[in-house]
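A.B. asks: Each chain, letter by letter, is given below.
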Amino acid sequence: MCNPYYSFLSHSYVPQDMAVDIKLTGRENVALFAKLYGIPRRDETIERVLGMMDLSDRADDLVRTYSGGMRRRLELAQALVHEPKVLFLDEPTIGLDVAARKKIWEHIRTLKSRGMTIFVTTHYMDEADHSCDRVAILDHGRVVAVDPPARLKGLLGKDLISARVSGDLPGDLPEGIELLGGKENGEAVFSSENASEKVPVLFRMLEEHGAVVHSLSVHEPTLDDVFLALVGTREDVSGFDDHKFRTMLRRR
Amino acid sequence: MKDIFYYFERDMLRWVRGRVSVISALVMPAAWLIFVGLALPTTFTENYIDFITPGILVLTMLGASLQGGSLLIFDKILGFLNKFLALPSARESILFGKILFITARGLLQATVILLLALVLGASFLSPWSLVLTYGILALFGVLLSAFSTTVALHLSDHDAYAAFNAMVSMPLFFTSSALMPYAVMPTWLSPLAYWNPVSYAIDAIRALQDGVLAWGRIGALALLAAVVVGISIRQFRQVTL
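Chains A and B supply the protein sequences, listed in that same order.
For the first sequence, our numbering assigns the number 2 to the initial residue and increments by one for each residue that follows.
For the second sequence, our numbering assigns the number 27 to the initial residue and increments by one for each residue that follows.
Hints may contain errors.
To be verified - With a Cα cut of at most 25 Å, we get these calculated BS3-like pairs of lysine-lysine:
1) Lys-28/B / Lys-154/A
2) Lys-184/A / Lys-154/A
3) Lys-154/A / Lys-103/A
4) Lys-113/A / Lys-154/A
5) Lys-113/A / Lys-103/A
6) Lys-28/B / Lys-24/A
Note that these hints are calculated values from the structure, not bench results.
My request is simple: use the sequences and hints to build the entire structure.
C.D. replies: Below, the structure is given as structure tokens:
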């Protein structure tokens, strides 16, 4: 979009910080944004977006009394007052309990079904898997993969075998079994076709090599596995953001 | 233009609903007025309450304005500023909303102080000079609230802002003409006091007590306010968080 003013009007951005005024009511919070966006037929719009986010009953209570999930939904309501075509949500479910997360995603899917384009960042890979049409995996700001979740999981191709092992792993593995990454905290992940049938072979091989196997489990690859395979297991060592940390603590 | 009022309305609602801050904002200047105004053994004037009241009124605005900077710190830390900056409305309306609110709040506090001074025996001002007094206080409030809000824009947290506030407010007050006339000041202090913007406002209000309009002082205050507001607008337009 060449004119930044028009892009303001067609998109909405909900940052990660849960920034709603706790001394104002839900309705007043939404009204502020409706006013600042200069929405015509303001009261109607406010009522509608509060209804969309299931906040109508509590709209006139102070936000101080809202739960984390309700506050997040209130922020979504604020972002919707000008009927954006594109919505940017920065970790909309961070710090929320399972039920609240589920509800937020239901709302996001509803908005999607109405034809809105929604960009979501999240660290919860299962959420991305369930709800997103396309998932991009970022490594230090670089897109390392972008595809529908099913195809991303297909990148690993095979099933996975997670093994909790003490002792060294053998250098060469049985045919068709591959070690993904290295051993971390006593856990190693292998990939293989027909993994269930390969488990006995792998077990015998590890035992012969002198390693002690505590457990072996087979599962289909998840986006977590794709992430670890693409980005690796090394921890992000870039500067710790204490502002972000405080925000997360506040939500507890 | 309307946006300024919306931002103002938000801060006003939040302030009125936090009752402690309303009361605490009045205690400090009231204490100054009572304890300094009534207790100090002064010899240079018959009625020290009359002399000190302009100083305390300006002190009230000074305190309110510098305190007001923490509003922006809050907005910044809690993520509101981030959201406001992403709105289509002009960014300087955030600044003007703060100036309007902080100045209005300061004038409310000043009104309480003024009433208290009258109770304590100040013989104050004709209606016309009272209007001008409010004008001068408002101008001073605009200058200081623009300054404090812009400083807050560049500071990262409350501790930093509290340090800035402590560093600025008391020295500004003590090196002004609030507590004593230029004639009885030590020789090193009087030029310092004369160039202190806090004195511009105090001297202008004192002149009104004698029925004089001190254009030089009011003009200096207005000029400085215009410059500071101009710089502040630039800062708000350019800021990235």
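A.B. asks: Checking each numbered hint in turn, tell me which of them this model violates, lowest number first.
C.D. replies: Result: hint 1 breaks, nothing else.
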